[in-house]
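With chain A fixed as given, assemble chain B onto it according to the hints.
One-letter residues, chain by chain:
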Amino acid sequence: KNEVEQSPQNLTAQEGEFITINCSYSVGISALHWLQQHPGGGIVSLFMLSSGKKKHGRLIATINIQEKHSSLHITASHPRDSAVYICAVIRGSQGNLIFGKGTKLSVKP
Amino acid sequence: EPEVTQTPSHQVTQMGQEVILRCVPISNHLYFYWYRQILGQKVEFLVSFYNNEISEKSEIFDDQFSVERPDGSNFTLKIRSTKLEDSAMYFCASQGDGHQPQHFGDGTRLSIL
Chain A
1 KNEVEQSPQN
11 LTAQEGEFIT
21 INCSYSVGIS
31 ALHWLQQHPG
41 GGIVSLFMLS
51 SGKKKHGRLI
61 ATINIQEKHS
71 SLHITASHPR
81 DSAVYICAVI
91 RGSQGNLIFG
101 KGTKLSVKP
Chain B
1001 EPEVTQTPSH
1011 QVTQMGQEVI
1021 LRCVPISNHL
1031 YFYWYRQILG
1041 QKVEFLVSFY
1051 NNEISEKSEI
1061 FDDQFSVERP
1071 DGSNFTLKIR
1081 STKLEDSAMY
1091 FCASQGDGHQ
1101 PQHFGDGTRL
1111 SIL
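From first to last, the protein sequence lines stand for chains A and B.
Under our numbering, think of the first position of the first sequence as 1, with each following residue one higher.
Under our numbering, think of the first position of the second sequence as 1001, with each following residue one higher.
Keep in mind that the hints were calculated from the coordinates and are not lab data.
No experiment lies behind these values; they were computed from the predicted model shown.
Built from N, CA and C at the ideal position, the CB exists for glycine as well.
Some hints here could point you the wrong way.
[Stated by the list, open to error] Partner residues aside, some chain A positions facing chain B, computed with beta carbon under 7 Å: (1) Gly41; (2) Gly42; (3) Ile43; (4) Ser45; (5) Met48; (6) Arg91; (7) Gly95; (8) Asn96; (9) Phe99.
[Said to hold, decoys possible] Okay, the calculated bits of chain B under chain A, using three or more residues with CB under 8 Å as the criterion: (10) 1031-1041; (11) 1044-1051; (12) 1067-1073.
[Claimed, not checked] Some residues of chain A that are not near chain B, with every Cβ distance over 10 Å (derived): (13) Glu15; (14) Thr20; (15) Ala31; (16) His33; (17) Lys53; (18) Arg58; (19) Glu67; (20) His69; (21) Ser82; (22) Gly100.
One chain only, chain A, in its complex shape:
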């Protein structure tokens, strides 16, 4: 069983739509990352959070520790947001990341 589950696996949206990607995890964590992977393969860290909510531009990440659930929201989506969004958790005191399978987002103009 995967320790980090994401939904949906694939998501197609029209430009301007509000997007939500969900992440559930089954292990105790010290922090959770949301990452963006571009078609060329490079990975960029969007957020690292351990409680509450963070906002950066049109991106918002929330986490509910009790429910072991996090969401990534994109407001006013744009074709340049098209990428794979990956949830990854840090388990306990260990620093290494445990990754979800990712959500492939396509935003159509």
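The following block gives chain B in isolation, referenced to the frame of chain A:
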């Protein structure tokens, strides 16, 4: 903004050969990681490195693999006797301290023929 740089971007090697993947982490970072992503699969942890020694390694990181920080700036992953199933994208990441995000390089695509 400081970056993690990885070289080469693409490495093609014959099965059985040794490869060295190189990473230059962000200069004041203390924690270093190697991850790999087999095509179409999720990213997997290989090894973490702190204070000039391995701090944790996964089941994947067996005797075929080794890491080194030879000169205080480079961080290398060596794969001996490469196999077809070692073909993957290998990512290096560095981190300032345990409370900061990990910064990833663009990866090295390793193709074993």
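Hint check results:
| no. | hint | in the structure |
| --- | --- | --- |
| 1 | Gly41 | 5 Å, holds |
| 2 | Gly42 | 4 Å, holds |
| 3 | Ile43 | 4 Å, holds |
| 4 | Ser45 | 4 Å, holds |
| 5 | Met48 | 4 Å, holds |
| 6 | Arg91 | 10 Å, violated |
| 7 | Gly95 | 6 Å, holds |
| 8 | Asn96 | 4 Å, holds |
| 9 | Phe99 | 4 Å, holds |
| 10 | 1031-1041 | holds (count 5) |
| 11 | 1044-1051 | holds (count 4) |
| 12 | 1067-1073 | violated (count 0) |
| 13 | Glu15 | 27 Å, holds |
| 14 | Thr20 | 20 Å, holds |
| 15 | Ala31 | 8 Å, violated |
| 16 | His33 | 6 Å, violated |
| 17 | Lys53 | 16 Å, holds |
| 18 | Arg58 | 19 Å, holds |
| 19 | Glu67 | 22 Å, holds |
| 20 | His69 | 19 Å, holds |
| 21 | Ser82 | 18 Å, holds |
| 22 | Gly100 | 7 Å, violated |
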